[in-house]
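Number of protein chains: 2
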Amino acid sequence: MSKLDQALEAVDANLDGSLERLFELLRIESISTDPAYKDQCSAAGQYLVDALNEIGFDASLRLTPGHPMVVAHHDGPEGAPHVLFYGHYDVQPVDPIELWDTPPFEPTIKEVNGAKRVYCRGSSDDKGQLMTFVEACRAWKQTSGGLPCRVSILFEGEEESGSPSLDRFLKENADELKADIALVCDTSMWDADTPAITTALRGMASEEVIIHAANRDLHSGYYGGAAQNPIHIISRIMSALHDESGRVTLEGFYDGVEEVPDDIKKQWAGLGFSAQDFLGAIGLSMPSGEANRSVLEQTWARPTAEVNGITGGYTGDGFKTVIPAQASAKVSFRLVGKQDPHKVIEAFHKHVEAMLPEDCSVSYIGHGRGPATQLDYNMPELKKAAAALTEEWGKDAAIIAGGGSIPIVGDFQRELGMASLMIGYALADDAIHSPNEKYELKSFHKGARSWARVLSALAD
Amino acid sequence: MSKLDQALEAVDANLDGSLERLFELLRIESISTDPAYKDQCSAAGQYLVDALNEIGFDASLRLTPGHPMVVAHHDGPEGAPHVLFYGHYDVQPVDPIELWDTPPFEPTIKEVNGAKRVYCRGSSDDKGQLMTFVEACRAWKQTSGGLPCRVSILFEGEEESGSPSLDRFLKENADELKADIALVCDTSMWDADTPAITTALRGMASEEVIIHAANRDLHSGYYGGAAQNPIHIISRIMSALHDESGRVTLEGFYDGVEEVPDDIKKQWAGLGFSAQDFLGAIGLSMPSGEANRSVLEQTWARPTAEVNGITGGYTGDGFKTVIPAQASAKVSFRLVGKQDPHKVIEAFHKHVEAMLPEDCSVSYIGHGRGPATQLDYNMPELKKAAAALTEEWGKDAAIIAGGGSIPIVGDFQRELGMASLMIGYALADDAIHSPNEKYELKSFHKGARSWARVLSALAD
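Chains as they are written, first to last, in the working numbering: chain A, 1350 to 1809; chain B, 1350 to 1809.
In short, the hints are calculated from the structure, not lab data. What you are looking at is a predicted structure, and each value in this text was computed from that prediction instead of being measured. Don't take each hint at face value.
One copy or any two copies: either way a pair holds, since identical chains are not told apart in the list.
Taking lysine-lysine pairs in the DSS-like style, the calculated list, with each CA pair at most 25 angstroms apart, reads [stated by the list, open to error]: (1) 1692 to 1669; (2) 1669 to 1687; (3) 1687 to 1527; (4) 1669 to 1387; (5) 1699 to 1669.
Let the sequences and hints guide you as you build the complete structure.
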């Protein structure tokens, strides 16, 4: 029996113990956004340090101005690649608590349509996911006494609160953390049967814009028709962000945007994605974005401009005939390819200022900015990991992209010059960030088996 | 000493007591648009009933489906004209509360540039104004035991929320309320020294529009680029309300709009109005409305479309990458001449629906609607009242128009066949509908004296 087969057998044999260990971690209420849970966050980190040391890692809790990081190292065979695994032990708050069917921090197994699920806050995002890797390492160590690769681990405790300590921690520990490739386990399968590797994520540039007109709110009877109305101005600015074909009008916005290669487009077409189902689930029927692009392109491979918030004047019940002194909007641009977030914001400022009447002014509040990430489709590690996943799940691994942003992937690229393979076993209906979050037992079990295989494949 | 002079002397002697009575009324938080203040609205009405009964009126509170009306009557000498005085005891909401320098419902006297002012919500609009008439009647009664005219009074409690009960109330009580002429006290002086009679007012049609897209709020990473964003839709709809020359684009919008007669234009030109000062006082410098129209035309004689409120998505501090399920705007149209408010709203609906994507929907909330009004410039009562005002203020009364809407004037015309003289003592900088609303003590004092004179003049 190969070393890999032995490790896989150990994953199977360990399943009950693996679940017990996962449950211990899930019971720790590590809500990072709420200062009341500070000690619980540290406790979750310490739990992982102990678990990793028990397996044979050299693991420690690293203090930061916020919640601590867990860093662990394990040697690999001579010449084997060095991988850095990333996950996060912090979780989202649980409100609205009344919508939970079981206590949010008491892991509860339920069988739904013949499949067992673990219900608990963090079961999918991201404690269940990161434990698949820990358990894969445990099985390898148990059966072979070592790991196929040199493995470092970084578990963060602030992912759900914007990772305020991460950037500096990566900078200060770059030598220690830099590996050949990162493995990031915070994404989903394509569907319940089809594993996936996410190879591209959109970046983001976001900005708040406030248009100032009169020095006070005005009565629209006395001043209407003569005084500037900042709601009109901001409406014009926002509506001019797109042309009639849905393209973003900012100057130079599409610089650095590349077309999706034909073979990838073909693969996406083969995924059986239904735009009708995707939009139908949210009560819509027609793709609204750039004309002549598929929904997968629109959400994975094309940049966007979205107004995420707008406000001005009287917005309560009833009516107030006011011309407000100011109106504001929050705008975010999703970026792809090599689009430069700072240049996009510059072009946005130009767009705003070109439409601003002379006697009005504008102010801005900057928000998050990060470029897109895009893996090289021909990277050998990608092909090896895909083959390993295909072997485990009996279906071709989908090579997909994601519309959202996972800032860690950009940080690894920027700070450590390191590409990331994003592999995760979550499902779209896991209700992450919502009441009744769950993780499929199949995701947990086959996830651990998948990592056992990926470690082996990367070492080949 | 003439009866009039005695009455004027009493107004002067009563001033401290008059102010105390005004303050009692101002302290009642009678915000008509917010159901939370229902009892306070009734209390303000009751306060006025008591005050009028005390003077010798036959006053009562009349219930409506909304806030109550105050109706009062007082006999006049044989053959004297019958006047109906109108004011409103309800006030605008106070947000943004943080911009008030003193508590909005605690009347505070401050001296600015040697002139005393009363700061309080409603001090100018319209409690301070209506109390000038009550105090003029008090002085007449006190000194002559009667009033020069037969006087009826109607105080409304829903003026700031579109007067939903007024139409029916006038219909049902037409015989009781019909007089020879109405006196409406809800307008401004021409400037701090020049009294004015307003002879034309813009009408209004207002409507709230809500655009519904997805059936829930969406994450802009997963859905951005494919899902309809209702903020984009509403921005497009609002920005398309005007063309580049500032004209309103609704079909048939200008039907019934007439040019101002040349002689009136000439009189307006002689008023010494400075567009630069008018706009400069509010921090602006360029008329924003229809090209090639003077500011007086823009605000007095031309119709407008103004967005008075807009909201959608996340509007709190920080950023949330949401595509909201809905976005909404409150829009009002100021109307002139013979524009039909209902036709304007119909055209607005057509405009909205023509720009609505097929898989989105729209809902509306109707608000106030009333046509514009225009007085006959040769009416004898107009000349008598103008002479009385000229006598009190020592400057020719200006015969002007107003940009705001006072629907009651149209209602009086339509329901009771009664013209209205609009005389008020507010100033342009009273900040009505805004934080730090104020009323000049001079307006209050000489306003009461002016009414004492006007009652006398109309009786001649």
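Checked hints:
1. Taking CA atoms no more than 25 angstroms apart as the test, residue 1692 paired with residue 1669 passes between copies only; the shortest distance there is 22 angstroms, against 39 angstroms inside one copy.
2. In the homo-oligomer, the alpha carbons of residue 1669 and residue 1687 lie at most 25 angstroms apart only across protomers (24 angstroms), although the nearest pairing inside one protomer, at 46 angstroms, exceeds that limit.
3. Proximity of residue 1687 to residue 1527 under the C-alpha cut-off of 25 angstroms is restricted to the intra-copy arrangement: shortest distance 23 angstroms within a copy versus 75 angstroms between copies.
4. Proximity of residue 1669 to residue 1387 under the C-alpha cut-off of 25 angstroms is restricted to the inter-copy arrangement: shortest distance 18 angstroms between copies versus 36 angstroms within a copy.
5. In this assembly of identical chains, residue 1699 and residue 1669 lie within 25 angstroms of each other by CA distance solely across copies; the values are 24 angstroms between and 33 angstroms within a copy.
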